[in-house]
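Put chain B on the given structure of chain A with help from the hints.
Protein chains: 2
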Amino acid sequence: MRYIDEQTVEKIALGAAVLGTGGGGDPYIGKLMAIEAIRKYGPVKLISLDELEDDQLVVTVSGMGAPTVAIEKIPSEHEMTAPLEMLERVLGRKVDVVMPIEVGGINSLFPIIAAAKKGLPMLDADAMGRAFPEAQMVTFYLDGFDPSPVTMADEKGNTVVLYPQDGVWTERLARALTIEMGGSSSVCEYSLFGKDVKTSVIPDTLSLVERIGEYLLDNQVKEQIGINKMLKELNGYFLFEGKISDIERRLSGGFTRGSAKLEGSRNDQGKTFSIYFQNEHLVAKEGEHLLCSTPDLIAVLDAETGFPITTERMKYGTRVVVVAFPCHDKWRTPKGIETAGPRYFGYDFDYQPVEVLQKERR
Amino acid sequence: MRYIDEQTVEKIALGAAVLGTGGGGDPYIGKLMAIEAIRKYGPVKLISLDELEDDQLVVTVSGMGAPTVAIEKIPSEHEMTAPLEMLERVLGRKVDVVMPIEVGGINSLFPIIAAAKKGLPMLDADAMGRAFPEAQMVTFYLDGFDPSPVTMADEKGNTVVLYPQDGVWTERLARALTIEMGGSSSVCEYSLFGKDVKTSVIPDTLSLVERIGEYLLDNQVKEQIGINKMLKELNGYFLFEGKISDIERRLSGGFTRGSAKLEGSRNDQGKTFSIYFQNEHLVAKEGEHLLCSTPDLIAVLDAETGFPITTERMKYGTRVVVVAFPCHDKWRTPKGIETAGPRYFGYDFDYQPVEVLQKERR
Chain A
1 MRYIDEQTVE
11 KIALGAAVLG
21 TGGGGDPYIG
31 KLMAIEAIRK
41 YGPVKLISLD
51 ELEDDQLVVT
61 VSGMGAPTVA
71 IEKIPSEHEM
81 TAPLEMLERV
91 LGRKVDVVMP
101 IEVGGINSLF
111 PIIAAAKKGL
121 PMLDADAMGR
131 AFPEAQMVTF
141 YLDGFDPSPV
151 TMADEKGNTV
161 VLYPQDGVWT
171 ERLARALTIE
181 MGGSSSVCEY
191 SLFGKDVKTS
201 VIPDTLSLVE
211 RIGEYLLDNQ
221 VKEQIGINKM
231 LKELNGYFLF
241 EGKISDIERR
251 LSGGFTRGSA
261 KLEGSRNDQG
271 KTFSIYFQNE
281 HLVAKEGEHL
291 LCSTPDLIAV
301 LDAETGFPIT
311 TERMKYGTRV
321 VVVAFPCHDK
331 WRTPKGIETA
341 GPRYFGYDFD
351 YQPVEVLQKE
361 RR
Chain B
1 MRYIDEQTVE
11 KIALGAAVLG
21 TGGGGDPYIG
31 KLMAIEAIRK
41 YGPVKLISLD
51 ELEDDQLVVT
61 VSGMGAPTVA
71 IEKIPSEHEM
81 TAPLEMLERV
91 LGRKVDVVMP
101 IEVGGINSLF
111 PIIAAAKKGL
121 PMLDADAMGR
131 AFPEAQMVTF
141 YLDGFDPSPV
151 TMADEKGNTV
161 VLYPQDGVWT
171 ERLARALTIE
181 MGGSSSVCEY
191 SLFGKDVKTS
201 VIPDTLSLVE
211 RIGEYLLDNQ
221 VKEQIGINKM
231 LKELNGYFLF
241 EGKISDIERR
251 LSGGFTRGSA
261 KLEGSRNDQG
271 KTFSIYFQNE
281 HLVAKEGEHL
291 LCSTPDLIAV
301 LDAETGFPIT
311 TERMKYGTRV
321 VVVAFPCHDK
331 WRTPKGIETA
341 GPRYFGYDFD
351 YQPVEVLQKE
361 RR
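Residue numbers (this note's numbering), protein chains in the order written: chain A, 1 to 362; chain B, 1 to 362.
Looking at chain A on its own, in the form it has when it is part of the complex:
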């Protein structure tokens, strides 16, 4: 068993912004909130899958909404724990362990806040191995688990319990409520026993983002040692280097949607690139040529610091390095690709693994 303290949070926030592929909520706000919670309530126990008992009740804690809204509307500590307390009332028992639904962005940090406040341990695992924009894009859904009861809260004090037919209905109903609640909410879903959790989650992902954060904190920009360490650990690729020449973002259907155009620099001089996102980066292209697509991961890093830049914080003129990583194998199954592949998001091409696309490119 290990503990998450202030230094750990610092690293997790940085690493989570990489696996968040530009989304998962703004990790910088989440970091401040998590550090505050740890100062107030003490460090949080982080337990591995091996340490999880079969009969322990585990539940995911997350924020829902467009990152555009989350930046302006910082959730209260109450909002973070209200769904957990409601869930305990509905189930008539205490929750034993909390876990992140996604290891990307602010949603790696929200469960830390809830865990600190409630004195609960947190599981070193998540249900995406990255961030995705929609509620059904979780391994629990791929594996056929029931998300009910889904509990929600907002900062106005409204709370809700949903019993949706499946993860797709969770997405539809919770998203409609989140929009009505002003664009952001906090959610608990998939309250499952340890024995089931073990069969479905992606293990050790908080340790992974902590390690990635450590590499990036150590990063020597010129030599890009930290980035190289990260790429090695994640079997990743440099996609390109360039300057953001155009950025278009809009709030639509409760999501931040948009695209960025980039002009290549250094080795990529003279080339043009584009990135398309829905909360998270979904597609990266060189001209009309596909470089990487969902469910594989795309991350935009500041070329100066190596630090990840969320879709919200991408600005005209910023020099960036764009990297890509293979997703977890669970997303490469037919159901995984159907659930979170490019066609689900309306793109008219089939998924190809980033390794294959990179091999073709060389």
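Warning: the hint list may mix true and false statements.
If chains are identical, the list can't say which one is meant, so a pair holds when it fits in one copy or spans any two.
Lysine-lysine pairs mimicking DSBU-like chemistry, simulated, CA-CA at most 35 Å apart [to be verified]:
hint, residue 1, residue 2
1, K198, K229
2, K335, K156
3, K229, K156
4, K94, K118
5, K94, K315
6, K94, K156
7, K285, K11
8, K261, K156
9, K285, K271
10, K198, K271
11, K261, K40
Calculated directly from the structure, the hints in this document are not laboratory data.
Showing chain B alone in chain A's frame:
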């Protein structure tokens, strides 16, 4: 104690379409469903406020959504009782009595179906004394009662429990869910004990709509005896007689909104009239001159049969008689007018009682 049987349902449906002021859901569909439920489960006990015990738990049962959708999407029997069963689970006790939230339209009949299926008595009262389009437009809201827990269901099997901050948040959250659920849902709210219910509801309104239905069934068109009896009972007025010359209806924000233009006939020959609605009729005018506005009641009757015509069923060319009635005094308080008066619906004029407007007209 009395019983609601097939004949009673026939009359209630007709009377409820009058007090529904064009909305409250389509009573003709509700009638068929209620008759089917009574055939299957037997007549429903109708109890007066005097017969209600202080410690009996009463809950409202209703349908939410745009009438446009309800006509196309007939709710299942399961959809009618799912919110009631969910409420009983949440409260950990049985409900003793059901009641209509509004006495207008299909929502007079939905609780009959739930009561028949569950073997529960129904209270001869409602919380509007008419139909209104939004959830907070109830006497319980005017009197400061908490609507929570609000339970909802749809025909797909999704169920929801809401704990909104107040009736306005019930409206916002339940409406957003209803739209996402395909435009209609079933709802239980305001689970209150008999002693509280007695202080807030409008009594004897089911008996009232039953009586109105009886008058209209007996109506001798030429002499308009039934209509006259109804006007006398409700202290109502003939507003005008005419032909629908234009009708505009749209689905917007989960409501059916629109207006009708009418050309006067007989005594009103040469005059033009208009009616504006949001599910229910809100405003009636002669030219630019106000004849009646919400919270007072406006009903459109077929000039041939005297039967009420819902906003959904108003058609070009239909000859109609338009009548108006004073609302219950609860709606004429400052809070009543603020909640359901013309300015709430975006009209730029103050509420004036229909009696005053009629006196000015003469």
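I'd like to know which numbered hints this structure contradicts. Please list them from smallest to largest. Hints 3, 5, 8, 10 and 11 not satisfied by this model.
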